[in-house]
Amino acid sequence: MNPLLALSVGLTAGGTFALFGVLLTIMSRLGKVVNFSQVAVGTFGVFLAIRLVPKDMQPWGAILVGMLVAMVLSILIGFVIAKWLGDAPVSTRSAATVAILLGLYSLANLLFGTRPQPVLAPFKGPILQTDLVNISQLAVVTTVTAILVAVGAKLMLRYTLVGTRLRAVSDRQDAAELMGINVMGLQLGVWAVTGLIAGFGVGVVANIQATDANSMITILIPSAAAALVGAFRRLDLAIVGGLGIGALQGLLTAFPSIVLLKDWIPILVIVVFLLWTERKEVWDVAR
Amino acid sequence: MSHANTATRSHQLRFGIVVVAALAVAVAVTFGLPSYVVFISTTVLVTMVSLMGLGVVTGSAGMIALSQLTFAAVGAWVMEYLMFLTPLGSVFGGFSFIVCLLLGAVVAAVLGLIVGLPALRLRGVNLAVITLGVAAAADLTLQKIYFPDAWLNQRIDRPFGMDRSEFGDRMYFLFTAIVVVIIAAAVYQVGRGKLGGMWRFVAFSERGTAAAGTKVRNAKLSAFGVSAFIGGLAGGLTVGQIGQVSYVSFQTAASLGLYVLCIVVGAHFIDMAFFGAILFVFIPEILKQFGIPLEWANVVFGVLGVQALTSNSTLGDQIRSGLRKLKRHGATAQPVSAHLEEVDLERTSAIFTTTGQPLLEVKNVTVRFGELRALDDVSLTVYDREVVGLIGPNGAGKSTMIDTITGFLTDYEGTITLDGKPMEGLAPDRRAHEGIRRTFQQDRVPSSMTVGQYMRLMAHGKSTPAEIDEILSYFGCPPAHTPLRVVDVGSRRIVEVAANVASKPVVLLLDEPAAGLSHDEHIVFGNQLKKIPQKYGISVLLIEHDLDLVRSVCSKLVVLNFGGVLASGNQAEVLRDPEVLKAYMGEKVGE
Amino acid sequence: MKKFHAKMWVAPVAVSALLLAGCSSGGSGAEGGGESTATGDPIKVAALSSMLYFPEAPEAVQAVFDEYNANGGFNGQPIEYQVFDDKADPAASTTAARDALASGAVALVGSSSMLDCAMNHKTWEENNIVSIQGTGVDPFCFANPNIAALNTGPYFDTFASLFNGSENLGFEKTCAFIVPDDAAGRSAYQQAIDAWSAETGNDVAMVDDSLVRGQASYAGNVAQITTEKCDSIFINEVGPAVTGFLSEATNQGISLPVLALTSTYSQEFVDTLNYGGDVHVPAEFSPWSDPEDASNDEWRALMEANGIGITSFAQGGYLAAKAFIAVLETTDGDITRESFTDAAKAMEEPMDTNGMTGTPWIFGPGESHQPNAAAWPLVIKANSGEWTSLGPWFIGTDNGWVNTTVPSS
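Protein chains in written order, with numbering that gives the first Met the number 0: chain A, 0 to 286; chain B, 0 to 590; chain C, 0 to 408.
FYI, nobody ran anything at the bench for these hints, they're computed from the structure.
Heads up, some of the hints might be wrong.
What the hints assert, rightly or not - Quick list of the computed label-pair ranges, beta carbon to beta carbon: (1) F91(B) x L110(A): 46 to 54 Å; (2) E124(C) x L151(B): 16 to 24 Å; (3) F91(B) x P406(C): 23 to 31 Å; (4) E124(C) x A23(B): 33 to 41 Å; (5) S102(C) x G184(A): 52 to 60 Å; (6) S196(C) x G31(B): 54 to 62 Å; (7) L260(A) x R191(B): 51 to 59 Å.
Heads up, the beta-carbon is just placed ideally off N, CA and C, and yes, glycines get one too.
Given these sequences and hints, build the entire structure.
Encoded structure:
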């Protein structure tokens, strides 16, 4: 198979990883947590939405409702973490999201069954199709969304009052509180927005996979790898990382004899980037 | 001292009784309960093994590990491969099962080391991401390559000729029970020993661990390897019980569930691992009776997991503290001050003077943070058998100096030499081994062990138990068998000093060790400090704010201000220096 | 740090939630719903089910038994049905089997699981109990003396689908995509392909058996279709997974005709389909989507009265329950495990399926059972948004079908 073609079809998944990689990076920087439930809230929201919204209003009706449900779930989770784990270290807060991922995963299986879910497709077909390259509309949509979110976040943080306050909260929460900044409100705002976009992310890609509750994990891992490419700090590298992982996985399908390796690409990326970014031993205060 | 020995002996006796009792209960269950109960009790035991493995790495060593069942899968896969496709499956007769079980666990341990290696210098969350990724990838790979029992459509032979009849199931339960008791006993003993102490120390404070001469990476890697080994054992036991397994038996979601359960119950306690296993198996059974789908158990575990994290305590912690409240009504160890009468209150004993050999030489050290110079061309020397004081106002750079000498700050100009040997490029644990030891301002003494265990951990075998007891009584510390959690913070700082003395270093750096002591205790401590060089042959660099203590203990002083040396030399002269007084009081004296 | 002092009320809340869930989920069929005019000793019957994956089959069985009990049961004896969830997990399946046996069941009826035949066929043989599967999936359901399924199973389905493709539709280069589940399954699929090859002289252009359940992206698999220049696609996954696969195909500009299996035959499949080509499916029972076809009227009425999804899994469960009753009525003396098993294996008169199956259904003696070996062709014409029934019945044994075999253990 033409390697370039194989690489380009992998960009559809890559765009999804880029989008969720951006969300994970935002949550890490502003929410001080590696949010293991990031995909789960979106998945749960979409699964619920396709049951509530009549068929003739799908897919967009379901996607919108899914985004709202995901946002509400995200706010609830954010509330629990902000209120009772506000001073806890990053690892404890992240462990809490692991427990929540478990709960959402099981709840989804219970309420919606373990068969893959029927979700209608909002974007169909390729945007560019030649003998050498094949790029789907979905790849473009997810990548563009990731870029918009990243750019929007950067602009907001740098140029708006809300952004400045958010940066204050994430740097010195106690000082910000004493200054009268509405810490809880701002943090919940971050959770709400990432939840909303997670719902969108799952809603648009659900149709091209066998989407069951396992996607809460199978989309999360490569997205976390993407975020790690940016060291959970840089949004641009998270996007590049996500697209790269998708492309790399796609490329490997051109070599069927090493098909097993494809599943391990995200891990290898994670390991390589961890070794690189942490090659000098740093004894930060927390240790 | 005999008190300590009696305590140890009664502990071992209790341990022996528990083991015998467990075996007795196992035999009773084997023959006394219905076969269905015996079958799921086997599942309880296997789950308990998985939880014990997780308890080592999460509860003991403080890491987030989300791939415990992947290690089980590897152990199971390798075991099946060996039993079906190599002579090992039959060469040892009835023991082949055990041999292959152990080999499978070893391979799982190797995988654990490989997975742990890149992540272990780093934050716990990164390990969580890696282990989750490994679990998910292994899931997919197992789905594609299957287990050897599927290739051959066979079930492995159970050990010692047991079959798969009802009687065979009962015998297998007894076999599993014996294996689990052995594993539990081993985990318990290791946990009480040096390795376990190292794990708990690294969970509590990585800096403290490194400063005590233990590589943080080794502590964490060993925890991870052991937990993977135990996980592999669980996988092999599962194959023996069920006969045929698939990727579904070891799914990622189940690893998540096990992790959450582990933090809810506190599986580093062996009894809580057992309790957690019972919850894991019997809650779904109860749900079955009500016709409720079994996945609700996972939802409940998720909620309990969040609750355990927010309250920062596990079920095991709560039960144990509840029992303690019942038993001792809050008795605490006698603080150091209680030993005041026993110690010489002499205030005027002379300060020992040096033999003149330079041991610690700091030459022209500069530390920059961007434009700011935290240390500016600082030089100081600690000679043999000296107590040198390092003083200065807040923010002068004293802690930075200690961090640089002990290796926690690696980016500096200048040289640091210990007894002629340059320390550049050596990590904190290596410098500790060379003979530089330090105490910390913040409490870095883990409360999860006894005084004696902590002392032994810090001493690295340099002191005999008798010497350790002597050092403890010299400093007026609680006896070795006292659990650290009942020792108050001030006394713990003294224990930290004592522990570092027990490691027989060349130079001991003390970072405000007397904070938290009363005035009288300060005096006692000062006298004890003064005698350290001649008694133990150790030189001391002391950071202190209490000028009385400094005056009575130190022969030399170095004063830092804004990162630079303001004055240094004989203690009395330095303290009369007007520049020094101005730095402290903010005004010129004797103008 | 604020502490969350909810320890007090978390436990009661959790317990209440569980109890509420128990009330709302209606249990797993532990007790039969509805009134019963049968008051004699209950006849106990069990099933193993991957309940979160195939909920309709056991629900359909329960509905049939409720109706039967309401009409007097078996000479006054009601049938008591209990379903044991095996969660598609080998360990849980073994436990569930023991549970089922311990419950005193005389037979297993309507089991629908991904692996219960593979895990428990020996247990059934050792305990002299038979299983009338509602939905058999793994190959042991079709290769064991104690198990007979109402559905055709994915291997026969594959045979019928490929046969339709090469003989009726003229496909010559089919790209086949298979999710094998395990080694025995892979072998069984290969046997079906080989049987079709032997009978028709054709072969598939390629087989990609690297698919896994719940796969995150089919991009790599689909890309091979263009490279191999196939003229048709075969895929053996369940409905929503096929939807995902074909959606990816659309994204890559493919609209070739597709051969799929009966597990896609549902309303939601055609509603969510995002594909520009024809999809051909050989249904294992008579088509419920054809309003002209009266064979399904009774079944449909019962399903709608009980709020059970209209799918072929529900058809299988319904017929399994009917099959149990048919054998029950030929059983001599007291209804026990032994007497029922004997009656099943001695069965000579096929059961009347009211035209819902293409071949007469019979248990009977024999080392393996494939009682349903017929398929009814359907198609979703490109962009039509609906199922079109084609017919007629495709009879496997007339066309070279060879029963599935499994590696001997």
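Consistency of the hints with the structure:
no.: 1; hint: F91(B) x L110(A): 46 to 54 Å; in the structure: 50 Å, holds
no.: 2; hint: E124(C) x L151(B): 16 to 24 Å; in the structure: 19 Å, holds
no.: 3; hint: F91(B) x P406(C): 23 to 31 Å; in the structure: 27 Å, holds
no.: 4; hint: E124(C) x A23(B): 33 to 41 Å; in the structure: 37 Å, holds
no.: 5; hint: S102(C) x G184(A): 52 to 60 Å; in the structure: 56 Å, holds
no.: 6; hint: S196(C) x G31(B): 54 to 62 Å; in the structure: 58 Å, holds
no.: 7; hint: L260(A) x R191(B): 51 to 59 Å; in the structure: 43 Å, violated
When the structure is compared with the earlier hints, a violation turns up for hint 7 alone.
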